[in-house]
Amino acid sequence: MNLRAGAYRDIEIVGARSNNLRDVSLKIPKHCITVFTGVSGSGKSSLVFDTIAAESQRLLNEHHSAFVRHRLPHYGQPQADALRNLPASIIVDQKPLGGNARSTVGTATDISPLLRLLFARAGQPFVGYANVFSFNHPQGMCPACQGLGVVDRLDLERLIDRSLSLNQGAIRFPTFAPGTYRWKRYVCAGLFDCDKPLADFSPEHWNILLHADDLPVPTPLPEWPATARFQGIVPRFRRAYLDHEPSRLTQAEREGLAQVITRQPCSDCGGARLNPTILSCRIAGKSIAGCAAMDIADLLSFMRSLQIAPVATVVAAIIERLSQMVAIGLDYLSLGRDTTSLSGGESQRVKMVRHLGSSLSDIAYIFDEPSVGLHPRDVHQLNALLRGLRDNGNTVLVVEHDPDVIAVADHVVDMGPGAGTEGGDVVYQGDCAGLRQADTLTGRCLRRPVPASRIPRGATRWLPLNHLSLHSLHDVSVAIPAGVLTVVAGVAGSGKSTLVNRLLPRHYPEAILIDQHGLGGTRRASVASYIGVLDVIRAGFSRACGQPASLFSSNAQGACPDCKGLGLVQTDLAFMDSVETPCEACDGTGFNPAARAATWLGCNIAEVLSFSVARALQHFAAQQAGAVGVDICTLLRRLLTTGLGYPMLGQRLSTLSGGERQRLKLASRLAEAGTLYVFDEPTSGLHMADVERLLDIFDTLTTQGSTVVVVEHNLDVMAHADWLIEMGPGAGRQGGQVIFEGTPQMMVEAPRSVTRPFLRRHMDGWKPAS
1 MNLRAGAYRD IEIVGARSNN LRDVSLKIPK HCITVFTGVS GSGKSSLVFD TIAAESQRLL
61 NEHHSAFVRH RLPHYGQPQA DALRNLPASI IVDQKPLGGN ARSTVGTATD ISPLLRLLFA
121 RAGQPFVGYA NVFSFNHPQG MCPACQGLGV VDRLDLERLI DRSLSLNQGA IRFPTFAPGT
181 YRWKRYVCAG LFDCDKPLAD FSPEHWNILL HADDLPVPTP LPEWPATARF QGIVPRFRRA
241 YLDHEPSRLT QAEREGLAQV ITRQPCSDCG GARLNPTILS CRIAGKSIAG CAAMDIADLL
301 SFMRSLQIAP VATVVAAIIE RLSQMVAIGL DYLSLGRDTT SLSGGESQRV KMVRHLGSSL
361 SDIAYIFDEP SVGLHPRDVH QLNALLRGLR DNGNTVLVVE HDPDVIAVAD HVVDMGPGAG
421 TEGGDVVYQG DCAGLRQADT LTGRCLRRPV PASRIPRGAT RWLPLNHLSL HSLHDVSVAI
481 PAGVLTVVAG VAGSGKSTLV NRLLPRHYPE AILIDQHGLG GTRRASVASY IGVLDVIRAG
541 FSRACGQPAS LFSSNAQGAC PDCKGLGLVQ TDLAFMDSVE TPCEACDGTG FNPAARAATW
601 LGCNIAEVLS FSVARALQHF AAQQAGAVGV DICTLLRRLL TTGLGYPMLG QRLSTLSGGE
661 RQRLKLASRL AEAGTLYVFD EPTSGLHMAD VERLLDIFDT LTTQGSTVVV VEHNLDVMAH
721 ADWLIEMGPG AGRQGGQVIF EGTPQMMVEA PRSVTRPFLR RHMDGWKPAS
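When the letters of the sequence shown are read in order and numbered with UniProt numbering, they come out as residues 1 to 770.
Don't take every hint at face value.
Taking lysine-lysine and the DSSO-like style, the derived pairs with C-alpha atoms no more than 30 Å apart in a straight line are [claimed, not checked]:
id	residue 1	residue 2
1	Lys27	Lys351
2	Lys286	Lys351
3	Lys184	Lys196
4	Lys30	Lys351
If you are wondering where the hints come from, they were derived from the structure by calculation, not from laboratory data.
Build out the structure end to end from the sequences listed, making use of the hints.
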């Protein structure tokens with residue numbers, strides 16, 4: 001698409017200063033695809049999401065009444081001198097759809113309501129109106145599983161060691177350990193001999209211990225609560241854990257439950273979630289649950305076969321939505337798939353369905369690395385989607401690292417030159433051809449020569465996985481070579497994650513899994529606290545100053561009383577945007593005067609946390625701070641190894657980009673001594689230059705004798721592998737097979753490989769995909 005200068009007023013940003021942006025001023029053409037590139041932490045997200053998108057959303061919300069604005073998300077005003085000609089924006093990010101066990105792909109895409117309407121109007125026999133076809137409705141849900149489709153059952157063999165007594169800890173669960181509150185509910189009841197092994201209990205006592213409910217306790221011990229009644233282990237577990245959402249449980253409780261709970265399909269409904277009356281209603285022999293269980297591609301074919309005149313418009317609407325899901329490569333999903341099980345890339349594409357085919361124009365669609373999770377084969381579908389949105393009269397802004405997506409841009413904005421304090425500038429803007437010639441890190445990566453083929457290393461031994469069956473995998477057998485880098489490839493939904501993330505750790509529990517789950521923590525969590533260096537620093541201050549370590553915590557004794565240790569004071573302006581300002585009492589540090597008065601190695605705690613990782617390493621190494629300093633330097637070097645030398649130690653996790661969070665997690669897990677590392681798409685959010693650093697980490701691990709297994713789409717990583725395993729050939733029911741095993745050189749000659757043409761193109765020299 002040719003840019004027509006002056007045809008539309010450009011989006012103008014003047015003096016943007018959010019996060020690490022340094023008075024950035026630029027113009028972005030409307031009705032074009034503009035791709036923002038640059039290393040992780042260079043300021044892409046600060047410019048696109050924290051400045052352009054935030055101000056667009058904020059201004060749009062101002063057009064609502066004060067009553068409505070008070071109930072809408074509040075967006076703070078970005079730090080910038082001016083933003084002009086902003087269109088209304090729709091943000092399609094990678095945040096997981098989340099939800100609970102009742103949130104499905106069908107509900108997230110609004111296809112399920114259409115399907116319920118179809119069955120209410122055309123299903124036979126008639127069983128009720130549309131709402132009763134929902135597994136969330138009391139008249140529709142299966143009463144046995146309450147519409148969840150699965151039932152959690154206690155595995156008593158795992159939970160209870162009958163060779164032990166209650167006093168010896170026969171109940172193997174953290175909150176039932178000897179001395180705990182719940183343990184006393186059994187040993188202080190006066191109902192059992194607590195020194196007798198449970199295997200010697202009479203059938204009556206065994207039944208009371210397990211299943212008694214609301215039982216009076218006639219002769220309890222003194223520590224028994226005065227008004228309490230006895231509950232057996234099974235009803236207590238059900239009420240304390242099984243009847244609650246997992247998010248309400250502690251990490252220790254969730255991990256404990258994973259060991260003693262088995263989740264099984266509901267025997268009453270067979271996992272369909274609905275009761276027999278609702279399931280009896282059918283269209284062309286299929287129930288609504290049967291439709292929800294079908295792959296999108298199969299369901300689309302079924303809908304196209306229906307010729308029911310009274311509901312033709314409903315069927316047409318369903319076909320349109322399903323066709324859009326196929327168009328963005330989600331044909332292997334089903335409407336009944338839990339949204340909590342989707343990856344970040346899948347979540348983003350599910351969100352896109354709401355906007356495809358929209359008649360709106362002059363909208364800014366803002367995407368956050370939409371190629372994440374996509375096989376090279378599917379990137380062309382994404383590019384067609386971006387072009388379609390643009391050609392409908394919209395502005396498309398994309399934060400992206402993938403060269404094939406960058407290639408379709410009408411305009412490119414490259415941020416840098418580096419990350420953190422070394423970034424925050426626009427180092428290039430123009431077309432893609434100009435970027436390839438530009439003297440920027442992105443430009444140099446795009447025109448770099450293809451590395452010479454490396455000789456794959458041989459396995460020291462093999463890790464067999466035999467006769468595996470789960471999800472789309474059916475009786476799959478494969479062997480993982482030990483001591484080398486193995487990459488598992490394949491289209492999205494082909495079974496890669498099932499094989500590597502789910503089944504491999506089951507058979508080899510020593511595996512250290514580094515997946516894409518969030519970092520967790522509170523809004524106070526920082527880089528230093530996550531990596532574990534903050535505790536060591538506090539201990540150093542405590543020893544040097546003779547004060548308790550809590551004085552050097554902004555969450556405890558050292559907290560500033562005015563801002564409660566946050567370093568910011570928030571003013572709630574009701575329906576207007578809340579205003580956050582640095583706390584004047586502590587100069588934005590979060591520490592009170594007593595904490596800031598104490599020094600160690602020439603600095604106070606606030607000054608140390610303001611250091612970048614690289615500066616902190618330099619400081620502690622130069623001071624030769626003894627054992628404490630060695631521990632600190634060891635931890636900081638792990639961050640430096642993954643390219644995180646620029647964040648401040650006290651920087652909050654919530655301000656990190658996706659690529660930064662991934663590498664922080666990687667740095668923390670590399671601290672664990674292990675011989676088997678499993679990575680799930682570790683290049684997500686990484687610039688091409690950062691991928692090179694990641695490959696160096698893999699090489700270091702394998703040189704030390706470790707086995708590294710990586711689920712990945714990135715062609716640089718595939719070409720660098722010692723061994724490749726490809727799952728496929730398709731997704732969902734069309735996948736689940738091992739279609740290739742061998743070296744990268746062998747893959748480019750393998751006729752069954754779906755990845756073969758893309759890897760061959762990459763190894764021959766990069767050329768943009770059409």
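Each hint tested on the structure:
1. Lys27 <-> Lys351: holds, 28 Å
2. Lys286 <-> Lys351: It holds: about 28 Å lies between the C-alpha atoms, which stays within 30 Å.
3. Lys184 <-> Lys196: holds, 16 Å
4. Lys30 <-> Lys351: holds, 23 Å
Hint compliance for this structure: no hint is broken.
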